[in-house]
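Student: Take a look at the letters that make up each chain.
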Amino acid sequence: MRLTTITLAATLTVAGVATAGTVAPGDVAFDEYGAVEMSLSGAAGDAVNGEKIMVTKSKGNCVACHAVSKLSYAPFHGEVGPQLDWAGDTWSQAELRGILANAKKTFEGSVMPAFYKVDGFVRPGKGYTGKAADGPLDPLLSAQDIEDVIAFLMTLKEE
Amino acid sequence: MKIKALTAIAAVLLSAPAFVAADEDAELIVNGEIEMVTKTAAAPHLEGALDEVLSGWLFRADETQSLQADDFDNPGMIFVDQGMDDWGTVDGSEGKSCASCHGDVEDSMAGIRAEYPKWNDTAGEVRTMAQMINECRVDRMGAEAHGYTSAKMARMEALISVQSRGMPVNVAIDGPAADMWAQGKEMFYSRTGQLELSCASCHEENYGNRIRSDHLSQGHINGFPVYRLKNAKLTTPHGRFKGCVRDTRAQTYSPGSDDFVALELYVASRGNGLSVEGVSVRN
Numbered sequence: 002m003r004l005t006t007i008t009l010a011a012t013l014t015v016a017g018v019a020t021a022g023t024v025a026p027g028d029v030a031f032d033e034y035g036a037v038e039m040s041l042s043g044a045a046g047d048a049v050n051g052e053k054i055m056v057t058k059s060k061g062n063c064v065a066c067h068a069v070s071k072l073s074y075a076p077f078h079g080e081v082g083p084q085l086d087w088a089g090d091t092w093s094q095a096e097l098r099g100i101l102a103n104a105k106k107t108f109e110g111s112v113m114p115a116f117y118k119v120d121g122f123v124r125p126g127k128g129y130t131g132k133a134a135d136g137p138l139d140p141l142l143s144a145q146d147i148e149d150v151i152a153f154l155m156t157l158k159e160e
Numbered sequence: 020m021k022i023k024a025l026t027a028i029a030a031v032l033l034s035a036p037a038f039v040a041a042d043e044d045a046e047l048i049v050n051g052e053i054e055m056v057t058k059t060a061a062a063p064h065l066e067g068a069l070d071e072v073l074s075g076w077l078f079r080a081d082e083t084q085s086l087q088a089d090d091f092d093n094p095g096m097i098f099v100d101q102g103m104d105d106w107g108t109v110d111g112s113e114g115k116s117c118a119s120c121h122g123d124v125e126d127s128m129a130g131i132r133a134e135y136p137k138w139n140d141t142a143g144e145v146r147t148m149a150q151m152i153n154e155c156r157v158d159r160m161g162a163e164a165h166g167y168t169s170a171k172m173a174r175m176e177a178l179i180s181v182q183s184r185g186m187p188v189n190v191a192i193d194g195p196a197a198d199m200w201a202q203g204k205e206m207f208y209s210r211t212g213q214l215e216l217s218c219a220s221c222h223e224e225n226y227g228n229r230i231r232s233d234h235l236s237q238g239h240i241n242g243f244p245v246y247r248l249k250n251a252k253l254t255t256p257h258g259r260f261k262g263c264v265r266d267t268r269a270q271t272y273s274p275g276s277d278d279f280v281a282l283e284l285y286v287a288s289r290g291n292g293l294s295v296e297g298v299s300v301r302n
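Line by line, the protein sequences are chains A and B. So the first sequence is residues 2 to 160, counted in the numbering used here. So the second sequence is residues 20 to 302, counted in the numbering used here.
Okay, chain A solo, but in the shape it has when bound (with noise of 0.2 Å):
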């Protein structure tokens, strides 16, 4: 585990001055348990920024779903998915990088929505307006919200 993540952040930082750009929703190399090990934005998570993420409705909304302890300052949290407390200790950075994007690599038929995705869809509409789609849809959080929001997770260990 620990030995993973230094490699890991190795590449991150290979990665972040090779490319410097961002990976395509459609380019995401998931491998075959659902990890993806290149950072979507090709630069380094904003911890504070992924905690907003988290908690707010209209962008990552994980609390409807989670219980986060760290973040019972906002209200209502979900029990639809597991509680988050030790994410940082359960999961590499790739892993939950693999989980955000498209849970469902992870987590076969997981009602977790992946959030960067754009397409395959079964009626997709114009946001929550119940009206369909007038275009190309954006993923529901950005590469660089994604990098946040794995950023902040990374930070939720046991003491």
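For the record, the hints were derived by calculation from the structure and aren't laboratory data.
Simulated restraints on C-beta separations:
| hint | chain 1 | residue 1 | chain 2 | residue 2 | range |
| --- | --- | --- | --- | --- | --- |
| 1 | A | 135 | B | 109 | 39 to 49 Å |
| 2 | A | 128 | B | 276 | 19 to 29 Å |
| 3 | A | 23 | B | 83 | 44 to 54 Å |
| 4 | A | 160 | B | 276 | 51 to 61 Å |
Glycine included, every Cβ here is placed at the ideal spot set by N, Cα and C.
Using the hints, position chain B against chain A.
Tutor: Just chain B now, kept in the frame of chain A:
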């Protein structure tokens, strides 16, 4: 890594199923006399999906629950009174009211709500109660159709539902209704919208769990029309479906469309055995 993922899944499975409400054994007796079945064995067609069917009433907070136990407290009952006024009011070119043909609503409409949506031989298709009301208005009274989810439609449905309170939902799924029922079933399990959620994602896999501030029920319509405290008015089944589909970031279906009629037929049949509760109270 693989092992970790499996453990995580196991943990989820373990924590998911058992439904724990604050008062799972709460009983609903309306006006001290109508005993409601809010929990019963699931119909055979739900084998493998649900063992027990639970009324949405069980999932509501104590205060909301108690509003439904007495018609004087139930804010939805005022619409039943309005529906009663409409029942006797002449409307349209034929100079008729509902009462002209159907007489006393308490006799003629008892048991109707429990069986709808229902195959209609004359029309050669499955009809909802709302469609029957509009058929009578347009074809038999020469009056204008009510908007499918309008306040006037909702209160007429409320009046008719109340005549079946306490009777078990008993929607037929076989015979000529079978095709439409199958279509509705497929819809119930289809994941729609950018969130890729089906009715089952929330109302079968996650009932009993909280999603944000809401306590997820099994999504039955035995309580419809429902009075919602949130907007202080009645909501019809298709109005509710529309909101739930919209919340998956999908393009919804239109109220009264064949799609929603099929979905209503299927959803209604999942509640077979529960009591008709309409007008119920929800948040």
